[in-house]
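Below, each chain spelled out in residue letters.
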Amino acid sequence: MGRVVVDVMPKPEILDPQGKAVASALPRLGFTGFTGVRQGRRFELTVDGPVTDEVLATVREAAVTLLSNPVIEDVVRVAEVAEAAEPLDEGTPA
Amino acid sequence: MSHVAAPPPSPTRSATDARIGVVTFPGTLDDRDAARAVRLAGAKPVSLWHADADLHGVDAVVLPGGFSYGDYLRAGAISRFAAVMESVVDAARGGMPVLGICNGFQILAEAHLLPGAMIKNDHRTFICREQRLRVENVDTAWTHEFRPGDEITVPLKNQDGQFVADERTLDELEGEGRVVFRYVGWNPNGSRRDIAGITNAAGNVVGLMPHPEHAVEPGFGPDGPQGPRTGTDGLRVFTSALNTLLHP
Numbered sequence: 001m002g003r004v005v006v007d008v009m010p011k012p013e014i015l016d017p018q019g020k021a022v023a024s025a026l027p028r029l030g031f032t033g034f035t036g037v038r039q040g041r042r043f044e045l046t047v048d049g050p051v052t053d054e055v056l057a058t059v060r061e062a063a064v065t066l067l068s069n070p071v072i073e074d075v076v077r078v079a080e081v082a083e084a085a086e087p088l089d090e091g092t093p094a
Numbered sequence: 001m002s003h004v005a006a007p008p009p010s011p012t013r014s015a016t017d018a019r020i021g022v023v024t025f026p027g028t029l030d031d032r033d034a035a036r037a038v039r040l041a042g043a044k045p046v047s048l049w050h051a052d053a054d055l056h057g058v059d060a061v062v063l064p065g066g067f068s069y070g071d072y073l074r075a076g077a078i079s080r081f082a083a084v085m086e087s088v089v090d091a092a093r094g095g096m097p098v099l100g101i102c103n104g105f106q107i108l109a110e111a112h113l114l115p116g117a118m119i120k121n122d123h124r125t126f127i128c129r130e131q132r133l134r135v136e137n138v139d140t141a142w143t144h145e146f147r148p149g150d151e152i153t154v155p156l157k158n159q160d161g162q163f164v165a166d167e168r169t170l171d172e173l174e175g176e177g178r179v180v181f182r183y184v185g186w187n188p189n190g191s192r193r194d195i196a197g198i199t200n201a202a203g204n205v206v207g208l209m210p211h212p213e214h215a216v217e218p219g220f221g222p223d224g225p226q227g228p229r230t231g232t233d234g235l236r237v238f239t240s241a242l243n244t245l246l247h248p
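So the sequence lines, in the order shown, correspond to chains R and D. For the record, in the first sequence the residue sitting at position 49 is 49 according to my numbering, with numbers rising by one throughout. For the record, in the second sequence the residue sitting at position 66 is 66 according to my numbering, with numbers rising by one throughout.
Careful: at least some of the hints might be erroneous.
[To be verified] Simulated DEER-style distance windows between Cβ atoms:
1) R/L29 / D/F126: 34 to 44 angstroms
2) R/S24 / D/W186: 16 to 26 angstroms
3) D/F126 / R/A25: 10 to 20 angstroms
4) R/L88 / D/P26: 49 to 59 angstroms
5) R/R60 / D/A51: 20 to 30 angstroms
[To be verified] Footprint (simulated), chain R over chain D, 3 or more residues, beta carbon under 8 angstroms:
6) 64-77
7) 107-119
Worth flagging that the hints you see were computed from the coordinates, not collected in a lab. Note that the Cβ used here is the ideal one computed from N, Cα and C, for glycine as well.
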C-alpha cells in the first residue's frame, strides 16, 4: 500500500487566527520563547498499489483543487511516505 | 450540461410566476428562512436539492446559510462540488440571478463565481449580532430596490466570516464598484476593507455574510425604527430579485 502526504499552510500574508490563538495559549502554559505559530493541515492519501508518478500527479491536482484553496492557502508538500504518521515516543505525557 | 438559464419572462407574467430556487445542502440551516423571504417578497420559492443537478426551471437561485458538510476542510469547500452546483455555475454564467448568504457566499467563493475567500473571524469566535451595513452598489440583480448609500440592519452570525483577497483583487473590486455591502460602525470579523458583500462583474451574482433573509417580517427581525423586532431591511434584497425577473 502506498501513501502520499499533502501539507497545506495558510499563505504567509493571510492572518492565521487559529495559529494566533495557539501562540497566545503557549506562554499561559509555560511554553515560552516562541515568536509565532502558523497552523496548517496534513492529509494522508493511500492507494492500493505503489505510488507512481501518475498517482503523485493526481494527488497534486487534488491538492490544488479540493485540499487547498489557492486564494488563502499554499500546498507546501506533496510526497510519498512509508508509514502513516505515528506519535512521538518522547514528550508524550505519561 | 444540458441546463439553460431561465427563459425570458413574458410580458403577461405576474409576480407569483417568478420562481426562486433555494438549495439545501447537508448541514444547511437557513433554507426555510430563505424560502420564506422569497415568498414574502412575492415570488414562488422552489426547493432545490444538492444532489439533483436539475434546477427545475427556476428563474433565480439562493444558496442559503448554514454549515454545509460541517464546514469540514474549509467552509463551502465540499458543497462546491455538489451536483446542483454545476448547474448553478452554468446558470450564473448565463446571467441568472444567484445570491449566496453566509455559507452560500463561502460556496460561491469556493466555486470561483466570486473572488476572495472567507477565513476564521479575526477574534476567533462565533458572532451573532444585529449588523449595520451600507449598500454601495444598487445596480445588481439583488439590490435594485435600494438607494446608493442606504444603511440597513440585518442579523449577522458566523465563525468564518472574515473576507480576504489579495490587494490587487481588492483594488479591482473597489475600482469596479463591486463592493455591494460594507460593514458600518464596526467590522465584526476583520474583513478586508470592511467588505460584507460583493458581486461579479455582470452584477447577477451577489454574496454576503450577513443574513437579509432574517429581516423580512415585522415581529421576527432585528430592532428597527418602529420598535423591537420590526426591522425588515432584508426584504428589499428579495423584492429586488423579483423586480429584476419581472422587468429585466
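Hint check:
The hinted window of 34 to 44 angstroms between R/L29 and D/F126 is violated, with their beta carbons roughly 24 angstroms apart. At about 22 angstroms, the CB distance of R/S24 to D/W186 agrees with the hint of 16 to 26 angstroms. As the Cβ distance of D/F126 to R/A25 is approximately 18 angstroms, the hint placing it in 10 to 20 angstroms holds. Under the hint 49 to 59 angstroms, the C-beta atoms of R/L88 and D/P26, about 36 angstroms apart, miss the expected range.
Evaluation of the 20 to 30 angstroms hint for R/R60 and D/A51 yields a pass: the beta carbon distance comes to about 28 angstroms. Note: the stretch 64-77 of chain D has 3 residues with beta-carbon separation from chain R under 8 angstroms; the three-residue rule is met and the coverage holds. Given a C-beta distance limit of less than 8 angstroms, the hint that chain R covers the stretch 107-119 of chain D holds, as 6 residues qualify and 3 suffice.
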